[in-house]
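These are the residues of each chain, in order.
Number of protein chains: 2
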Amino acid sequence: MYGDGVDTREQLIESARELLWERGYVGTSPKAIQQRAGAGQGSMYHHFRGKPDLALAAIRRSADEMRARAEAEFAGTGTALDRITAYLGRERAALRGCPVGRLTQDPDVMADPELRAPVEETFTRVTEQLAALVAEGSANGELDPRLDPVATATALVAVLQGGYVLARAAGSADVYARAVDGALGLLAPHVRKEG
Amino acid sequence: MYGDGVDTREQLIESARELLWERGYVGTSPKAIQQRAGAGQGSMYHHFRGKPDLALAAIRRSADEMRARAEAEFAGTGTALDRITAYLGRERAALRGCPVGRLTQDPDVMADPELRAPVEETFTRVTEQLAALVAEGSANGELDPRLDPVATATALVAVLQGGYVLARAAGSADVYARAVDGALGLLAPHVRKEG
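Going line by line, the protein sequences match chains R and H.
Residue numbering for the first sequence follows our numbering, starting at 598 and increasing by one per position.
Residue numbering for the second sequence follows our numbering, starting at 598 and increasing by one per position.
For the record, the hints were derived by calculation from the structure and aren't laboratory data.
Hints should not be assumed to be uniformly reliable.
The list cannot tell twin chains apart, which means a pair is met if one copy fits it or any two copies do.
Computed list of lysine to aspartate or glutamate pairs in EDC-like fashion (alpha-carbon distance at most 20 Å, straight line) [claimed, not checked]:
| # | residue 1 | residue 2 |
| --- | --- | --- |
| 1 | Lys790 | Glu733 |
| 2 | Lys790 | Asp741 |
| 3 | Lys628 | Asp705 |
| 4 | Lys790 | Asp679 |
Using the sequences and the accompanying hints, generate a full structural model.
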């Protein structure tokens with residue numbers, strides 16, 4: 598069994614992430630995580646102090662992934678507007694919802710400062726970076742400079758998070774795509790055509 | 598104890614609504630509802646077949662309220678744009694989140710067609726009516742007719758739902774207000790100034 602520790606720890610984190618995404622914190626029992634990970638109770642308590650400790654590792658990883666993906670898009674090639682559009686238009690698993698955003702509906706996650714911190718930091722960071730991109734677009738003449746960067750970025754991130762809510766309510770990913778189309782339509786007249 | 602039946606039924610529904618809003622379906626036990634309602638187990642099962650039956654009454658009532666409030670705003674006085682702005686700008690308990698939208702994160706609600714129906718119908722109806730208002734504004738020259746009514750309405754409803762998510766993540770209602778400001782800023786150049 599030597600060398601198995603890392604794999605088990607890893608499987609516990611990945612199983613916790615999936616269950617938090619599917620069922621939320623309150624709906625996820627330690628037993629369910631152990632079963633999905635194929636790990637025993639002793640093994641879970643060897644690697645983690647308990648459910649909050651394991652959930653923290655899982656939430657941090659989901660938050661880090663979300664942030665890293667957005668950062669890669671924001672830092673990509675193309676104009677500021679290209680990168681904003683790529684971020685908004687990226688294909689997402691709309692019906693599964695956002696693994697980080699859904700945690701805001703988990704009262705036990707929101708009530709625990711340690712569990713909430715990665716959720717808060719991720720949305721703050723993504724919104725700040727998108728605002729910087731809007732400001733960049735305004736500064737270089739791609740976007741109307743009257744557009745408030747922070748408010749605009751907040752609205753755009755909200756469209757995506759709300760798009761998940763509406764898609765799940767309708768049972769249709771099309772509704773998510775429609776929300777993004779609507780946001781791009783609202784943005785259109787702010788774009789300054791060159792040449 | 599005569600005449601107490603209606604009150605108890607009513608208290609059970611209201612308690613279930615509050616708990617579904619605060620803790621979601623999976624986090625709400627029949628016992629917790631009974632305790633909050635000050636009702637016994639026998640009394641709950643006299644009025645309802647069980648938790649799903651009581652939850653359905655609670656969800657229907659929250660959905661009906663949300664729809665009725667939006668309909669009143671959409672049918673209010675003022676131009677189409679006034680009414681769109683009033684709907685977006687209405688003060689909401691941002692940190693509590695949307696009592697209907699939050700149910701989309703409840704796997705047991707989403708998996709039960711009967712429980713999901715009021716959630717789906719409410720968002721469909723509110724989006725349709727907002728789209729009709731955008732179309733009205735386009736038709737009477739208040740709004741740029743190039744604005745796609747359905748996509749725009751979907752994006753605007755999504756901003757509100759996502760605004761709740763971001764406000765809860767940040768622990769600040771200001772973020773919700775900022776998302777609405779951003780949406781109004783995005784809408785601004787689509788407004789056709791008269792005279």
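Here is how each hint holds up against the structure:
1. For a Cα distance limit of 20 Å, the shortest separation of Lys790 from Glu733 inside one copy, 16 Å, qualifies, whereas the shortest one across copies, 28 Å, does not.
2. Proximity of Lys790 to Asp741 under the C-alpha cut-off of 20 Å is found in both arrangements, the shortest distances being 10 Å within a copy and 18 Å between copies.
3. For the identical chains of this complex, Lys628 and Asp705 are neighbours both inside a copy (18 Å) and across copies (19 Å), given an alpha-carbon limit of 20 Å.
4. Only within a single protomer do Lys790 and Asp679 lie at most 20 Å apart by alpha-carbon distance; the minimum there is 13 Å, versus 30 Å between protomers.
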